[in-house]
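Novice: Spelled out, the chains give:
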Amino acid sequence: MPQEKVVLRNCGAIDPADIKTHRAREGFKALEKARGMTPEEVISEIKTSGLRGRGGAGFPCGIKWEGARNSPGDEKYVIGNADEGEVGTFKDRYIIQNDPFSLVEGLAIAGYAVGARQGYIYLRWEYSYLLDLLRGAIDQARAAGYLDGFRIEVRQGAGAYVCGEESALMESVEGKRGEARYRPPFPTVAGLFQKPTTINNVETLMNVAPIVLKGGAWYAGMGTERSRGTKVFSVSGDVARPGVYEMVLGSPLRELVEGLAGAKDIKMIQIGGATGRIIPYDQIDAPLAFESYLGAGAITVYNRSRGVLEIVGRTMEFLAEESCGKCTPCRQGTEWLVETLDRFRRGEGAARDIGYMQVLADTMALSSLCGLGQAACSGLVDTLKYFRDDYDRGISGK
Amino acid sequence: MGNISLTLNGTPVSAPQGMTILEVARENGIDIPTMCYLKDLAPVGACRLCVVEVEGSRTLVGSCHTPVTPGMVIQTHSPKVLEVRRVLIELMMASHPDTCIVCEAANCCELRLRATDLEVGMPRFRTRMHYFPVEDENPSIIRDMSKCILCRRCVAACDNIEGKKMFSLAYRGFETKVIYDLDKPIGSNETCRDCKTCITLCPTGALRLPMKFGQEKKGPVLYVKG
Ligand SMILES: Cc1cc2nc3c(=O)[nH]c(=O)nc-3n(C[C@H](O)[C@H](O)[C@H](O)COP(=O)(O)O)c2cc1C
Ligand code: SF4
Ligand code: SF4
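Chains A and B, in that order, are what the protein sequence lines are. When we follow our numbering, the leftmost residue of the first sequence carries the number 1, and every step to the right adds one. When we follow our numbering, the leftmost residue of the second sequence carries the number 1, and every step to the right adds one.
For reference, chain A alone in the conformation it holds in the complex (with noise of 0.2 Å):
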């Protein structure tokens, strides 16, 4: 299946500074075709088209704006999450820099969608430089006209990676500590300020435009049953050519990976990120797609060269300073692997360390607040099934 440009229509087309490029490739011709439709008509134009959540959890859009729409309260917000933190996922931040009005136009169809006068834009800290920038097309898109009844304020991080999760977010756009929040109330129902919010990622809002313009059924007639229209892949590690590509859904990992990117004696790929899965070279022909493996896109490929324990390791050691340190799993759970992994990457494992290495990726899956705690071992589960034999060798004695 081939690239196609539906996300990136605009990048390096347009002047990302000036709205009148933007203007010239239909730019904001969704939002006033949206605003001549009920809100519910868009929403269930964006139901139709299967757009699926692209931050990783793949919820789907509509769903979402519907809980919103339907909740009770005059007040309700939208957010734009570009806190972009999963682990070689560079995506969203190419989007901004090149096409940051489609975003802001993304944004207020789901504004008027959900039926917020308010929306967010949350900025992780390491892309403060895009900040003139994005702020910029804010402005010009006020000036324009063409958000009347509309607030978009950014927001910036401070340098969180579970801040880029939901709640957490919201915490820290309120003002306060980066920690996630137990669901329910889910924040369709009650979310920022506890008033209904819908949160989507940079990435998903991206496509809402073009839905709106060239309806959902055009939408949903590109990828698979279950994952609709193209993803954005952020793709490094050791490849020829490292960069974002976008790709229909459902498109063989095999032609993105060693196509496109150039890569070659694959041992491994990490797909997700941090919190993603970790596949061996002879499932190369897996589909990108929700029903395999897909997270926010980020695709790391690891030659033979790389050693696995290294790579869980450090893994590992990232979502340990990361995790907010709310809930027992997560905080004395990645402490410990982070700890005993390192015995292995030393050559000092003790075997029995294997199997408690499995029961604690359990009970962190099972009981963890957030998605942080309960995919931190995604990776490790993964290698302890198809590379043991690296995890044996870190066995003291052997």
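No wet-lab data here; the hints were simulated from the structure. If you're wondering where the values come from, they're calculated on a predicted model, not measured in any experiment. Each residue gets a CB set at the ideal place from its N, CA and C atoms; glycine is no exception. Honestly, I wouldn't trust all of these hints.
For lysine-lysine, the following DSS-like pairs were computed, each having C-alpha atoms within a straight-line distance of at most 25 Å [to be verified]: (1) A:K176 - B:K80; (2) A:K176 - B:K164; (3) A:K214 - A:K20; (4) B:K184 - A:K176; (5) B:K165 - B:K196; (6) A:K5 - B:K196; (7) A:K385 - A:K264; (8) B:K164 - B:K184; (9) A:K5 - A:K29; (10) B:K196 - A:K385; (11) A:K176 - B:K165.
Across the chosen pairs, the derived CB separations fall in these ranges [claimed, not checked]: (12) B:M122 - A:L133: 56 to 64 Å; (13) A:R241 - B:E175: 33 to 41 Å; (14) A:R306 - B:D117: 42 to 50 Å; (15) A:E317 - B:R26: 35 to 43 Å; (16) A:R142 - B:R126: 38 to 46 Å; (17) B:T200 - A:G159: 44 to 52 Å.
Which chain B residues face chain A? A few, computed with CB under 8 Å, are given here [said to hold, decoys possible]: (18) G45; (19) A94; (20) F125; (21) R128; (22) F132.
Let chain A serve as the given structure and place chain B with the ligands on it in line with the hints.
Specialist: Chain B with the ligands in isolation, oriented as in the chain A frame:
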């Protein structure tokens, strides 16, 4: 709000809408262990000890903060749940100092109680310990944060019951700590309300009354299994 029907450990029960799983379970005589939960205060959801199995849910769910819904099928003590709770207790003990033998709270420590109840055996998960100097200069309170299991009861109690907001949380991950001020030891001149609320509620020996050792006999006998 009407009553709803659900199934609790195989038995049909009815409960008012809006109640949490924990409340319904306790009302039906089922004891789900908790650590961060404080009756009448907003749930925290941090310790995860109260997790239960709910049919159709991918993960276990925290019973202290999850309201019952019609037709819910709940298992509060399935083997899966018990194993998870055991691991959680082990994780709370993973960085806890081995000083029970000289701890003032040893015979009224909820961590020990839960460990005994759940028959937590030899510890599988040991990590490095937290060593913080004992804060023992204040006339109202002694804090030994090495023993803290971050249940946050002291934070919630001081905020919500006493309205003093003496404590807050700082740092993240394994370094997370309940702090006073901008992470200063509670000095001799600092004045709290001297209400002892947090000390009474602390499940471990992290918060204690300033007392001369060996002058008073306290508490019931040691927890003995069997
Ligand atoms: C630890 C953690 C970090 C996350 N980081 C991000 C992020 O940086 N950007 C993002 O869009 N979603 C992130 N998410 C997912 C969000 O919680 C949320 O599902 C998403 O923003 C919803 O948008 P979507 O439905 O459009 O994907 C993260 C989730 C977890 C558990
Ligand atoms: S899983 Fe980790 S990051 Fe999420 S709430 Fe628990 S400690 Fe915080
Ligand atoms: S000091 Fe005691 S009450 Fe406060 S968080 Fe620690 S263990 Fe809980």
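Novice: Next, verify each hint and record whether it holds.
Specialist: Do the hints match the structure? See the list:
1. For a cut-off of 25 Å, the pair hint linking K176 of chain A to K80 of chain B is broken: about 35 Å separates their Cα positions.
2. Pair hint K176 of chain A plus K164 of chain B holds up; C-alpha atoms about 18 Å apart against a cutoff of 25 Å.
3. Taking the CA atoms of K214 of chain A and K20 of chain A, the gap is about 22 Å. The hint holds against a cut of 25 Å.
4. Simply put, K184 of chain B and K176 of chain A have alpha-carbon atoms about 21 Å apart, close enough for the 25 Å limit, and the pair holds.
5. For the proposed pair K165 of chain B and K196 of chain B, the alpha carbon gap of about 14 Å is at most 25 Å, so the pair holds.
6. Restraint check for K5 of chain A and K196 of chain B: the C-alpha separation of about 64 Å exceeds 25 Å, so the hint is violated.
7. Of the pairs offered as hints, the one joining K385 of chain A and K264 of chain A holds, with about 23 Å between alpha carbons and a cut-off of 25 Å not exceeded.
8. Proximity of K164 of chain B to K184 of chain B is assessed by CA-CA distance (about 17 Å); at most 25 Å being required, the pair is judged to hold.
9. For the proposed pair K5 of chain A and K29 of chain A, the alpha carbon gap of about 18 Å is at most 25 Å, so the pair holds.
10. Our distance criterion of 25 Å between C-alpha atoms is broken by K196 of chain B and K385 of chain A, whose separation comes to about 51 Å.
11. For a cut-off of 25 Å, the pair hint linking K176 of chain A to K165 of chain B stands: about 15 Å separates their Cα positions.
12. In this structure the hint that M122 of chain B and L133 of chain A lie 56 to 64 Å apart at CB holds, the actual value being about 57 Å.
13. In this structure, R241 of chain A and E175 of chain B meet the distance hint of 33 to 41 Å, their C-beta atoms being roughly 39 Å apart.
14. Take R306 of chain A and D117 of chain B: their Cβ atoms lie about 45 Å apart, and the range 42 to 50 Å holds.
15. Distance hint for E317 of chain A and R26 of chain B: a CB-CB separation of about 40 Å, consistent with the stated range 35 to 43 Å.
16. Evaluation of the 38 to 46 Å hint for R142 of chain A and R126 of chain B yields a failure: the beta carbon distance comes to about 57 Å.
17. Taken as a hint, the range 44 to 52 Å is violated for the pair T200 of chain B and G159 of chain A, whose Cβ atoms sit roughly 38 Å apart.
18. Residue-level restraint check for G45 of chain B holds (minimum Cβ-Cβ distance to chain A is 4 Å; threshold 8 Å).
19. Checking A94 of chain B against chain A: minimum C-beta separation of about 5 Å stays under 8 Å; hint holds.
20. At about 5 Å, the closest approach between the beta carbon of F125 of chain B and any beta carbon in chain A falls short of 8 Å, and the interface hint on this residue holds.
21. Checking R128 of chain B against chain A: minimum C-beta separation of about 7 Å stays under 8 Å; hint holds.
22. With a least beta-carbon distance of about 15 Å to chain A, the hint placing F132 of chain B at the interface is violated under the 8 Å criterion.
Checked against the numbered hints listed earlier, the structure breaks hints 1, 6, 10, 16, 17, 22; every other hint is satisfied.
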